[in-house]
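Student: One letter stands for each residue in the lines below.
Protein chains: 2
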Amino acid sequence: MRRAYLTGFTGSAGTAVVTKDKAALWTDGRYFLQAEKELSHDWTLMRSGNQGVPTTSEWLNEVLPSGCRVGIDPFLFSFDAAEELKDAISEKNHELVLIKDLNLVDEIWGESRPEPPKERTRVHGIKYAGVDVPSKLSFVRSQLAENGCNAVVISLLDEVAWLLNMRGSDVPNSPIFYSYLIVEDTAATLFVDNNKVSEDVLEHLEKAGVKLKPYEAILSDVERLAENGAKLWLDSSSINAAIVNVFRSSCERYVKKRGKAGRQIGKESSQGDPATGSSGVQNGTVNALYKVSPATLAKAVKNEAEVEGMKSSHLRDAAALAEFWCWLEGQVRESVPLTEVQVAEKLLEFRQKQDGFIDTSFDTISGYGANGAIIHYRPTPESCSSVESDNLFLLDSGAQYIDGTTDITRTVHFGEPTPRQKECFTRVLQGHIALDQAVFPERTPGFVLDVLARSSLWKIGLDYRHGTGHGVGAALNVHEGPQSISYRYGNLTALQKGMIVSNEPGYYEDNSFGIRIENLLLVKEVDLPNSFGGVSYLGFEKLTFVPIQSKLVDLSLLSPSEINWINEYHDEVWEKVSPLLSGHSLDWLRKNTRPL
Amino acid sequence: MRRAYLTGFTGSAGTAVVTKDKAALWTDGRYFLQAEKELSHDWTLMRSGNQGVPTTSEWLNEVLPSGCRVGIDPFLFSFDAAEELKDAISEKNHELVLIKDLNLVDEIWGESRPEPPKERTRVHGIKYAGVDVPSKLSFVRSQLAENGCNAVVISLLDEVAWLLNMRGSDVPNSPIFYSYLIVEDTAATLFVDNNKVSEDVLEHLEKAGVKLKPYEAILSDVERLAENGAKLWLDSSSINAAIVNVFRSSCERYVKKRGKAGRQIGKESSQGDPATGSSGVQNGTVNALYKVSPATLAKAVKNEAEVEGMKSSHLRDAAALAEFWCWLEGQVRESVPLTEVQVAEKLLEFRQKQDGFIDTSFDTISGYGANGAIIHYRPTPESCSSVESDNLFLLDSGAQYIDGTTDITRTVHFGEPTPRQKECFTRVLQGHIALDQAVFPERTPGFVLDVLARSSLWKIGLDYRHGTGHGVGAALNVHEGPQSISYRYGNLTALQKGMIVSNEPGYYEDNSFGIRIENLLLVKEVDLPNSFGGVSYLGFEKLTFVPIQSKLVDLSLLSPSEINWINEYHDEVWEKVSPLLSGHSLDWLRKNTRPL
Numbered sequence: 001m002r003r004a005y006l007t008g009f010t011g012s013a014g015t016a017v018v019t020k021d022k023a024a025l026w027t028d029g030r031y032f033l034q035a036e037k038e039l040s041h042d043w044t045l046m047r048s049g050n051q052g053v054p055t056t057s058e059w060l061n062e063v064l065p066s067g068c069r070v071g072i073d074p075f076l077f078s079f080d081a082a083e084e085l086k087d088a089i090s091e092k093n094h095e096l097v098l099i100k101d102l103n104l105v106d107e108i109w110g111e112s113r114p115e116p117p118k119e120r121t122r123v124h125g126i127k128y129a130g131v132d133v134p135s136k137l138s139f140v141r142s143q144l145a146e147n148g149c150n151a152v153v154i155s156l157l158d159e160v161a162w163l164l165n166m167r168g169s170d171v172p173n174s175p176i177f178y179s180y181l182i183v184e185d186t187a188a189t190l191f192v193d194n195n196k197v198s199e200d201v202l203e204h205l206e207k208a209g210v211k212l213k214p215y216e217a218i219l220s221d222v223e224r225l226a227e228n229g230a231k232l233w234l235d236s237s238s239i240n241a242a243i244v245n246v247f248r249s250s251c252e253r254y255v256k257k258r259g260k261a262g263r264q265i266g267k268e269s270s271q272g273d274p275a276t277g278s279s280g281v282q283n284g285t286v287n288a289l290y291k292v293s294p295a296t297l298a299k300a301v302k303n304e305a306e307v308e309g310m311k312s313s314h315l316r317d318a319a320a321l322a323e324f325w326c327w328l329e330g331q332v333r334e335s336v337p338l339t340e341v342q343v344a345e346k347l348l349e350f351r352q353k354q355d356g357f358i359d360t361s362f363d364t365i366s367g368y369g370a371n372g373a374i375i376h377y378r379p380t381p382e383s384c385s386s387v388e389s390d391n392l393f394l395l396d397s398g399a400q401y402i403d404g405t406t407d408i409t410r411t412v413h414f415g416e417p418t419p420r421q422k423e424c425f426t427r428v429l430q431g432h433i434a435l436d437q438a439v440f441p442e443r444t445p446g447f448v449l450d451v452l453a454r455s456s457l458w459k460i461g462l463d464y465r466h467g468t469g470h471g472v473g474a475a476l477n478v479h480e481g482p483q484s485i486s487y488r489y490g491n492l493t494a495l496q497k498g499m500i501v502s503n504e505p506g507y508y509e510d511n512s513f514g515i516r517i518e519n520l521l522l523v524k525e526v527d528l529p530n531s532f533g534g535v536s537y538l539g540f541e542k543l544t545f546v547p548i549q550s551k552l553v554d555l556s557l558l559s560p561s562e563i564n565w566i567n568e569y570h571d572e573v574w575e576k577v578s579p580l581l582s583g584h585s586l587d588w589l590r591k592n593t594r595p596l
Numbered sequence: 001m002r003r004a005y006l007t008g009f010t011g012s013a014g015t016a017v018v019t020k021d022k023a024a025l026w027t028d029g030r031y032f033l034q035a036e037k038e039l040s041h042d043w044t045l046m047r048s049g050n051q052g053v054p055t056t057s058e059w060l061n062e063v064l065p066s067g068c069r070v071g072i073d074p075f076l077f078s079f080d081a082a083e084e085l086k087d088a089i090s091e092k093n094h095e096l097v098l099i100k101d102l103n104l105v106d107e108i109w110g111e112s113r114p115e116p117p118k119e120r121t122r123v124h125g126i127k128y129a130g131v132d133v134p135s136k137l138s139f140v141r142s143q144l145a146e147n148g149c150n151a152v153v154i155s156l157l158d159e160v161a162w163l164l165n166m167r168g169s170d171v172p173n174s175p176i177f178y179s180y181l182i183v184e185d186t187a188a189t190l191f192v193d194n195n196k197v198s199e200d201v202l203e204h205l206e207k208a209g210v211k212l213k214p215y216e217a218i219l220s221d222v223e224r225l226a227e228n229g230a231k232l233w234l235d236s237s238s239i240n241a242a243i244v245n246v247f248r249s250s251c252e253r254y255v256k257k258r259g260k261a262g263r264q265i266g267k268e269s270s271q272g273d274p275a276t277g278s279s280g281v282q283n284g285t286v287n288a289l290y291k292v293s294p295a296t297l298a299k300a301v302k303n304e305a306e307v308e309g310m311k312s313s314h315l316r317d318a319a320a321l322a323e324f325w326c327w328l329e330g331q332v333r334e335s336v337p338l339t340e341v342q343v344a345e346k347l348l349e350f351r352q353k354q355d356g357f358i359d360t361s362f363d364t365i366s367g368y369g370a371n372g373a374i375i376h377y378r379p380t381p382e383s384c385s386s387v388e389s390d391n392l393f394l395l396d397s398g399a400q401y402i403d404g405t406t407d408i409t410r411t412v413h414f415g416e417p418t419p420r421q422k423e424c425f426t427r428v429l430q431g432h433i434a435l436d437q438a439v440f441p442e443r444t445p446g447f448v449l450d451v452l453a454r455s456s457l458w459k460i461g462l463d464y465r466h467g468t469g470h471g472v473g474a475a476l477n478v479h480e481g482p483q484s485i486s487y488r489y490g491n492l493t494a495l496q497k498g499m500i501v502s503n504e505p506g507y508y509e510d511n512s513f514g515i516r517i518e519n520l521l522l523v524k525e526v527d528l529p530n531s532f533g534g535v536s537y538l539g540f541e542k543l544t545f546v547p548i549q550s551k552l553v554d555l556s557l558l559s560p561s562e563i564n565w566i567n568e569y570h571d572e573v574w575e576k577v578s579p580l581l582s583g584h585s586l587d588w589l590r591k592n593t594r595p596l
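Residue numbers (full-length UniProt numbering), protein chains in the order written: chain S, 1 to 596; chain X, 1 to 596.
These are computed hints drawn from the structure, not numbers from a lab.
Heads up, some of the hints might be wrong.
Which copy is meant is left open, so a pair is good if it fits within one copy or across any two.
To be verified - Restricting the straight-line Cα-Cα distance to at most 30 Å, the calculated cross-link-like pairs of lysine-lysine (DSSO-like) are:
id, residue 1, residue 2
1, K127, K497
2, K291, K422
3, K257, K86
4, K22, K311
The model shown is predicted, which means the values in this text are computed figures rather than measured ones.
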């Protein structure tokens, strides 16, 4: 929100850099068009990933005279990101300054800055969570022991929520709450604003042996751990630079103090594992293990109750969507004027009627015609288009239910699609089908499969500038790691049974139309006639059951097996969703799940 | 050959490690079965890549008491490999000893060790090379200048041959000759046994300004460069540890000497580029740039003449293969007893009749039945099977012609294949077709495409334990880098227009049969209706034109577009190869290129 306040750009990803006489905003391909629209002339748009576009640090090294001071808010940079920036700008002798005591944007914003949220948290019932908090904490503790650590600071908010079977509503669309969690050998402490904790939640936490401390106490507790000589597990890719720096400086202070007292430093930290060579505050080094959080993978691999909740919430979501599409088709047929925002609002109404609905899981992307080509378009009441029957309409939306999180994109045409639109849609669909049908040996990273979703587009020289799949939380964040299916080859995390990923290839013709077809998929073991190499083979099970508009399919491009896929999918949609519908919506579903 | 002499294992890849009381041989999945057969009980077979199998250094750290001395022949280890080994064994305080003055295996081998080869070299005509030596050297010099270097040592033998438009026959199957090449700003020196250089070659080299020195003079010349303060470009992934170590120690001696003379060392090396920060022998550091050789990519991207030669030699090779398969089918039909070795010899005869034939490009893999499952099987006259009509016959072979290098695998059945064999063959073929038809944006590394060749096998739980494609030289080594198409994700080299790669998915059922279908492909730009992102899109053009046995195809598994691919390929085979054939062979080709 600070970035949006400062720059006007409201996309979900970007970096603003301001020097004494320049201001530049970096964002990625999803947001180029949106940023062009939203940024004023004071700002230079930096299209990340385009050839010749410098990174933020390259730019700083270019535009600043050497030896400058570059400030960041250390609570808003991960330790890794801050270190990377520090290293990069040191090339021109710039110094990175951690501005801990104030935030420069807030200084400008002043009193008109919104208050921080104070929403109540709630217990995420064991029926949906599947595993109780003591079990989760003891898993974390077993990981601490295995890694020779005494404590871990969990700062990713979805990890705190997942570990403590709690949910909140501090952040739009994500059922999380501002907090930190420290899990130690024998204790666990949640750092959170007391006002957010109801009696229920308090009892729930007490039962699990979790103490409460104020949100702001995190830094002093990290100091305490340093002074006790604890070996701390820090996920430096996510934990903020402020925490790591407090820990480091406290360790150093501790070393000096002990040094003055004439005692041998190396032997003081008795709990470390000498075999790993990283135990103890030795020679002034910091007593920390930098490693991905023990909760990351555990959260990504869903248990049975979580899978059950995801499946069930997806069916209710599908019913809402069937009602919505049925309604929208009728409105457009009768030429009722409707804007992209009104359409999104109506979709919300349909979802709100479903059991256990809580919130949307992200801002609905309701893009008609050229707006569909803005990958993360967010319509505003003032400027948005109306939804008509002359072009494609792309709708990417999702919901938070008590038992699960959904994320679905469908692209439709209410009139006559052009042959070009049909060709592009069909090739996107072929990519979607190819990924959906993929079978692969365990230990395969997601990026290996990305090409399956792209190759039908590549064959005619088309592509899309985003990844193909992201992880999805169970009644948690709609985007989560560590897995992904992307053309970036850096993420080596293997897809594992129980993970959930999106399957969302697309194609975007600037100033013309956008296409995306997205289902969520559960990674499952597949039962095959062979198992070469003695390994398991994995595949996907669909969670999303909403028809794909057959009007947009160019049958001549499809193989018989691709046509089968569509027909079987629509059979399944009918079977699973029709029991939840009646009247016009049921008719609509019947019509839209007929075999090709 | 030393490894084969010592261990009995004759595969092309492996590492033997001998301690005072243990002996172990590491090899990869291609050779597990072969190694099992060939190793005596004195040797432990280490199956690299299998779970729980230690690397050589892990094993040394396990079996040796700490603080041992581990010797290697530094002429046989790349600098990188030696450094990696050194680092890894330093964990247990082992010391790596470079045994420069003798080779321990040779000490045992004694007088029965074969003489080093003394074959004559020849000029590789400009008609086939396409670019003359002065142009190639001036390209290398432009690279030296760009990188602030004064000289480069080229030690990869195919790079020396390519840069100097020379060929030799010191090594079976590869037209290379033992040599080193140093290219300096204003000079070029070939280090080679004088006896290998004819008048022709001498004249050719003189014209290009290339001097000759004895092979053994390489180390003293590297010393000379160090003493002259030259900044040396070394491809540490391939250059041997002996050369790098001589350069380093010479640099250090030079530093000391200069130091004693009271002169400022940093300023002595005038030719370095101060901007890069790596110029000059400063603070005792070595004056070297470690970077992939400037010839590597230039050699991999074929020029027009090289492409022409590859195409032409592939057609002659195809004619030889058609004659061969026609002959073999007849022999088997008439139950003429033939061993795998006899079949390979006969194939050689057919190839020898073709214009410009020089040699096979690797040892023919002629594997009947279970032998076909040994990925790099090499039949021996004593132990090989006969080729009959009850099982699959896998034949992987290639030739060196004056104008090109071939590499082709076909798998056939002379009787009735089982449904299992047909299913496996068809799935391998589907992978082959998928890769052949791939279209992809420029800057795509080969590994991205690997999954296309595997996914049809994965669908039934099958896989193969080797990469899908390797680079191929033009009238040079049948295996060359830097590109590859592999399930190993480390090789980020993008496929580029003009590169040649093999397309060779397979499937191997231990103790039963092996399947592989291999064509060579030229990477080319494809002309598409779109070019999203403003980039070029690349695809493949087939170089290999030999029928694929349709008897082995299970048509029910294929899509119409896959059937089209086969029919179009066979049309093209007929069109291109039939003019080179007559009689029975022509009939055979007609029969085997009929549409499915």
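Student: Indicate, hint by hint, whether the structure satisfies it.
Tutor: Okay, the hints, checked on the actual structure:
1. For the homomeric pair K127 and K497, the shortest alpha-carbon distance inside one copy (21 Å) is at most 30 Å, but the shortest distance between copies (57 Å) is not.
2. In the homo-oligomer, the alpha carbons of K291 and K422 never lie at most 30 Å apart, since the shortest distance is 47 Å inside one protomer and 48 Å across protomers.
3. With identical chains, the CA atoms of K257 and K86 are at most 30 Å apart within one copy only, with a shortest distance of 28 Å there and 39 Å across copies.
4. Proximity of K22 to K311 under the C-alpha cut-off of 30 Å is found in neither arrangement, the shortest distances being 50 Å within a copy and 57 Å between copies.
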